[in-house]
Structures are given as structure tokens and as C-alpha cells.
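Asker: Listed below are the residues making up each chain.
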Amino acid sequence: MNGAMRAVGRLWPVPVVVLLWELVTRYLEMLSFPPPSQIAASGYTMWLTGPAEQLWLTDAALENLPASVGRLLAGWVLAGIVGVGLGVALGRSPLLFRLVDPLVQFARAIPPPMLLALFLALFAIGPRMQISFIAFGIVWPILINACDGARHVDRQHLDTARVFGLSGRERLFRIILPSAMPKIFAGLRVSLSLALILMVLSELIGSVDGIGFQLLDAQRSYDFPGVWATIVVLGVLGYALNSAFLAAERRALSWHRSAKQTT
Amino acid sequence: MTRRNPLDNRLLCGALGVAGLFCVMEAAGRAGLIDPLAFPLASTVLVRAAALVTDGEFLSDVASTLGAWATGLLLTVAIAVPAGFLLGSLPRVESALRPIVEFLRPIPSIALIPLALAVFSDRFDMKVTLVVYAATWPVLINTMYGLKDVDPLAKETLRSFGFGKPAVLWRVSLPSTAPFIATGVRLASAIALIVAISTELIGGGSDGIGSYVLESAGAVDTTEYVIAAAIWAGVIGVVTNGLFVLAERRLFRWHTARTEVV
Amino acid sequence: MLEITNLSHTYGSGPSAHNALGGINLKVAQGELVCVVGPSGCGKSTLLRSIAGLLRPSGGQVTLNGARVERTPDDLAVVFQDYSRSLFPWMSVADNVSLPLRRKGLDKQRRRQSALEALEEVGLRGAAAKYPWQLSGGMQQRVSIARALAYRPALLLMDEPFGSVDAQTREDLEDLTLRVRGLHNMTIVLITHDIDESVYVGDRVVVLSKAPAGIVGDLRVDLPGPRDQITTREHPDFVHLRAEVGRLVRGMRSPSASTT
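Residue numbers (this note's numbering), protein chains in the order written: chain L, 369 to 631; chain H, 1268 to 1529; chain Z, 204 to 463.
Rather than coming from a laboratory, the hints here were simulated on the basis of the structure.
Any given hint could be a false lead.
What the hints assert, rightly or not - Which residues of chain L face chain Z? A few of them, derived with a C-beta cut under 8 Å, are: (1) Glu421; (2) His520; (3) Gln524; (4) Thr528; (5) Arg530; (6) Phe532; (7) Gly533; (8) Gly536; (9) Glu538; (10) Arg588; (11) Tyr590; (12) Asp591; (13) Pro593; (14) Ser626.
What the hints assert, rightly or not - If you want the footprint, here are the derived chain Z segments under chain L, 3+ residues with CB under 8 Å: (15) 275-288; (16) 291-298; (17) 302-314.
By construction, the Cβ of each residue, glycine as well, lies at the ideal position given by its N, Cα and C atoms.
Modelling step: build the complete structure from the supplied sequences, incorporating the hints.
Answerer: What follows is the structure in C-alpha cells.
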């Protein structure tokens, strides 16, 4: 009850802004700026007017949403595995770090759209190209954070591990990885929001399905409420991904937050 | 006794790493492990990248992208920093606008390109507008965050000497927020580059590195051109980022010194 | 059981070199509790790290039960001063204690059993499921001690183990140390800068000089047992020994030069 009251107190500007937006767009009558009511109606017909056995989702929704989200998550997981693995290796080996550091710094500075052009020139259009593009484009924050975390493990943690004779494997999985975990999560979070951007980019340029493709399709047929509705869906997707990630992080790193508060 | 291992030298190791990768790629291409038609030889790419430096068309495209990038970034600072200060010093307005910001921020700015294509007739204006929209968020958020971090004691000290609100803002809040703003601008600069080139790639028809890549498509040696252009884009990324880092270190030496102690 | 011969160590080289240990010779017998005391920054920790095999000394050698220490020996445990950095915050107390037992090849249930027994010995069985950061400083150091006890080391090294806790907790932990040493016939080397503590806890007090550290005193402590915080500290022998150690630590000439 109290929480609901607080939400109302906090969120009241949203309906006010939407109402203003409705009035202004109705007054101006610009083709490319439809009123929010039209956008909502268009979104509803685009996504939610399917048969009941599909949970009222339309074919377009069922075709594009899972395709996009699947590629996004596949690229993110791939980048996570490669980034954490390579990053920890670089963090624990100073020589390897010195050898590879300039290459890493350069690779991460290449703007992703240039990479996309490169991937388009090298590979055939398709999910495999998109997933590897997303993974390559977002791996750097994970890699750099994992490297940083693995480099700065508390020396006394490592001494303790040595005194009690932990094997290399145990040191890696029980000491180094857990203490690098807060940094790794920070990298994963940056990468997740970057993954959404690259997913859209890859669908706007080299794709035959997905939310980005649907967006382009709507624009080409001058369906502006459709364009706006798709943008809103992308915003909701971004919000949902970030919230889900934060919830997972809170669970996984509860020790970290509490340990910091008490000391 | 103090024989120094040459592999302790960062610069030498880095050069070795780069040279190593180059040699491996070249050898793989020459040995036929990588089809040189699908992925050109490392030496071919290097020659092409070097040739681009004297290619007038390429240079004017680079200049065009950088122009949109710089204009967008300047406008961003001009808009986002005052906005951040305004929101930071008016907590009521801030809490009212916060949900709106929370709804707008997750929208990937790339998704606005198709809409902008329909709205703008001038490609340069469109590029700059999109850059400003995307780059505003990190600058705005960092400015507001930095303002929250200002030491209240420093403000009260100045106020106790009879200084008014504008003086406190100018002498305490602005300098101590500046490092945060700088970080925001550095993040924004990378985003600005991404948005500018993406707009060129999707929109086409204008000048810029993205358009250069589009125009080279279809030729036999497209890959070669694209890789060479990507290398230069990477160089631009490294240089701009490096300049910002350097400037931050120079200007805010006091800030890093302070945070390292704590 | 522990024999240190001519141990020396220098950090760095050239003009900035720091000579921490200057030729230390020390023998510790099975079951002894030896306190090593010395002024701050004298190289006590360097000595401990060399014994633990965490540091390769520049000269001399350490042997444990006849075997030269080159890396961390199997039957050695360390209690570090900084418990908050020695316990792993991402593991529960029981997991922290049972982690080293993996090296002993025990199965999961036996590891847990031993961990709980060790926690019982330090009076913290109830905290097994908690995380280290949910405990007070003194309790965390008890967990560290329990971890060492569960490991059943032949030699236990303690590096300023009570340096970061308040005075009352410090006394409790000193008594805990005296109690648990009787349980498992361990040899203990305890490093401290606190003169009272070294006399109260030790069978023997070894005094180090300023860096480069050398042994300037080696005194046997023959106090009537069992020791307790009030009467032992009043005992004339305690008062005398404390003054003696104090003089040695400050580099003053002792009136009854009793170096053995």
C-alpha cells in the first residue's frame, strides 16, 4: 500500500508528459510525430492481436522478438565466456598482458559500426554473423574488467591460499574468480546494454528478421506509429534486460555489498 | 647483478605482440590457411591503409565524420552540463523528471536512426542531432552524480565567508564536479563516434567513413578497403580517447591524487 | 623441529636496497611456543614469510623436520594479522574453515565435521553458517584460528594475530591460544610487537633487533601454570621478564646479560 503510494508519488510525471505529448502532436499533425494513442494502438495491433493459443502474440512478435533476443543473449554469453577467460589469463600473466595490451586497446577503440561493415564483407548475412559481431563488439568491457579484477586480488588472499596448499584449480575457482567477480559483473552490465545497441544495428543493416528489421520495414512503408511503437518496445526490452541483470547481480554479489557496508 | 629482463619493458612487449599478430596473419595467408581472397594478406591491408592517407576522398570522409562528431560533442556539453547543474540544484525538478529519464535512457539511440531519416532532409543535421541525443546521457548523468559528490563542508565554508549562491556554484561546485563531467564527455565521445558512423552506414548518401565503406562495397577488393578503413577508425578511437585521458590527467591531477589516497 | 640457519634477506638491490634480516639462527623444539618480539619494521614479517615458504630468502635456510623449506610445507598453517583480508568474504565461516582440508584428501562430510569441531574449540560453532563480515573482529580472528586448527599443522605461525583487536578481545584470544596449544601438541611461533603478550603467551621469548634483524635475546619463560590474565601478570617473574625483554627491544644493555 505504502509502496504503491510512493510509486504514484514518483511516477506522476509520466502520465502528465504523455498527455502533453498527445495534445501537442494532435495540434501539430505531423506525419512523423504521431500522438501516443496512435502509437499504442499500432503497437497493440503489431504485437498483441494474435490468436489466444499464442497468448495473443502476433506472428510478427513471435518471429522477431525471440530472434532478436536470442541473438543478443547468444552474443552476450559468448562474449562473457571469452572475455572472462581471456581477461583472467591476462590478469594473472604480466608477460601476456604486456604482449597483448596494445592490441586489446586498439581493438576496443574500433567503432562497432566499422566492425559490422567488416563482418558483412567477410561473412554471409545470418545469425552466425550477427552473433559473432555482437560478441566481438561487446567483449572488451568484460575482458578489461576481468583482467583488472584478476590482477588486483588481495595479496593476503593469495598468501593464505598458498599457505594452505590450494591447488592451481582451487586458487582460480575459489579465490581469483570470486574476488574478480564484482568487476566482472560491472563489465557484463556495460556489455549487456551495448549488446542491445549492436543487436539493433546489425538488424538495421544486415538482417531479414528481428525487431530492428521490423523497425526498418515500418519506416520504409511510412508507418510512423509502427516506427514509434517498435522504438518503445526496444526501450522496454532495454529496461527489462537491465533490471533482470541488476536483480541477478544483487543475488550473486550479496557478500560483496554487505562486506563493503560493514567494513 | 641487476640484469634487466628485456621482456619487462612494456613498449617492447607491446611492439612484439603487434608484430607477432601481423606475422601470424601474413604467414597464415601465405600458407593458405586463410584464403587471401576472403581475408586479404596482412601486408596488403597495411599497404592499403597507408595508401588511404593520401586518398583525398577518404580524408574528406574522415573529416566529415569527425566534424559531425566534434559539433555533436560540443553541443552536448553546451546542453547537458547546464541541464545537469539545473537538475542537480533543483531536487524537485530532478525527482519529477527522473522517471522520464529512466524511460528514455534504455532506448538504444541507434533505433532512432530510421525515424530521423524521415524527419531530417539534411544528413549532417541529422547526424549531429542523433549524436547529441545519444551523447547527452553520460554527460548529464555524470554531471548530476558529480554534483552529489561535492563536499558540503567546502560549500558551507565559502557560504560562511558571505559568498552568495552563484559564487559557491562557480568556485566549489563547478571545479569539484569537473572531473566527473570530463569522464562523462570521454564516454560520450566514444558513443558519438558510434552513432555518427552508424548513421552514415544506415542512412548513406552523405559524406563520412561509413559512406566511404558503403561506396567501396561490391568491388573485388572491398574487404581490403573495409579493413583498412576500420583500422583508421580504430586509430581515431585510440587517439581521441587518449587525448581525453591525457587532458583529464593534466587538468585534474588534484582529483586523482585525492582519490588514490582515500 | 624447526631450524633456521644464517637466514638473511635483502629487498631490492642497489642504493635503495633494504636489508631486513641479517643472519638469524634459531632452533625451535617440538611442542614449544616461541614468541618472537621486536620493534616495528624490524623484519619480523620477513622472518615469518621465509619460514612459511612465501618468500625465498637471499641467504641461509629454513628446515622443518629435517626438510628444507622451499615452498609452503604441507603441515604448516598461518594466522595472519589482518583477518578481514585473510578470510574469504564470499564463503561462509564453515566453508572458510574447511577449504584447506581439501588438501588432506578428506571427503565433503569429513571436511565439514572437522570444520565444525574446530569452530567448537574456539567457541564459534553457532556461527558456522554466517559470513565472516557478519562477525566482530575478534570473532573473525577466532575463525582464522579455527581454520588453522582444523588443518592440524605440525607448526602454526601467527603473525601479530591479535594486533587488530581491542584490549579485552586480545586477552581472550591470548587465553584461547594457550588453551588450544594443549589440545593438539602443536609447535607455535607467534610474532608480536607487544612485550607483555610475548611473555604471557610464550614458553620462550626471542628478541629481534632493529633491521637488519638479528637475535639479541632468547629468554626462557618459566611461569607457574595455568597462566591467567590477572595473577600471572602480577607474578614477580613476569614483571622481571617483561622488564628484561623491554630493555632488549629498546636496545639497552641488560643488567643480567642472560642471553642463552
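Asker: Take the hints in turn and mark each one as holding or not.
Answerer: Right, here's what the structure says about each hint:
At its closest, the beta carbon of Glu421 of chain L sits 46 Å from a beta carbon of chain Z; the interface hint therefore is violated under the 8 Å criterion. Taking 8 Å as the C-beta cut-off, the interface hint given for His520 of chain L is violated, the closest approach to chain Z being about 13 Å. For Gln524 of chain L, the interface hint holds, the least distance from its beta-carbon to any beta-carbon of chain Z being 4 Å, beneath 8 Å. Look at Thr528 of chain L: its Cβ gets to within about 5 Å of chain Z, closer than 8 Å, so that hint holds up.
Taken as an interface hint, Arg530 of chain L checks out: its beta carbon lies about 5 Å from the nearest beta carbon of chain Z, inside 8 Å. Nearest Cβ of chain Z to the Cβ of Phe532 of chain L: about 3 Å, under the 8 Å cut. The hint holds. Checking Gly533 of chain L against chain Z: minimum C-beta separation of about 4 Å stays under 8 Å; hint holds. With its C-beta approaching chain Z no nearer than about 13 Å, Gly536 of chain L sits outside the 8 Å limit, and its interface hint is violated.
Satisfaction of the interface hint for Glu538 of chain L is found here, the shortest Cβ-Cβ separation to chain Z being roughly 7 Å, below the 8 Å cut-off. A hinted interface residue such as Arg588 of chain L counts as satisfied when its beta carbon comes closer than 8 Å to some beta carbon of chain Z; here the least separation is about 52 Å, so the hint is violated. Checking Tyr590 of chain L against chain Z: minimum C-beta separation of about 55 Å lies over 8 Å; hint violated. For Asp591 of chain L, the interface hint is violated, the least distance from its beta-carbon to any beta-carbon of chain Z being 51 Å, above 8 Å.
A cut of 8 Å between beta carbons decides the hint on Pro593 of chain L: the least distance to chain Z is about 50 Å, and the hint is violated. Given hint, Ser626 of chain L at the interface with chain Z, holds; its Cβ is 6 Å from that chain's nearest Cβ, closer than 8 Å. Coverage of the stretch 275-288 of chain Z by chain L holds in this model, with 9 residues showing a Cβ closer than 8 Å to a Cβ of that chain against a need of three. Taking a C-beta to C-beta cut-off of 8 Å, the stretch 291-298 of chain Z contributes 4 residues in contact with chain L, enough for the three needed, and the coverage statement holds.
Three residues within the 8 Å Cβ limit are the bar, and the stretch 302-314 of chain Z against chain L gives 4, so the coverage statement holds.
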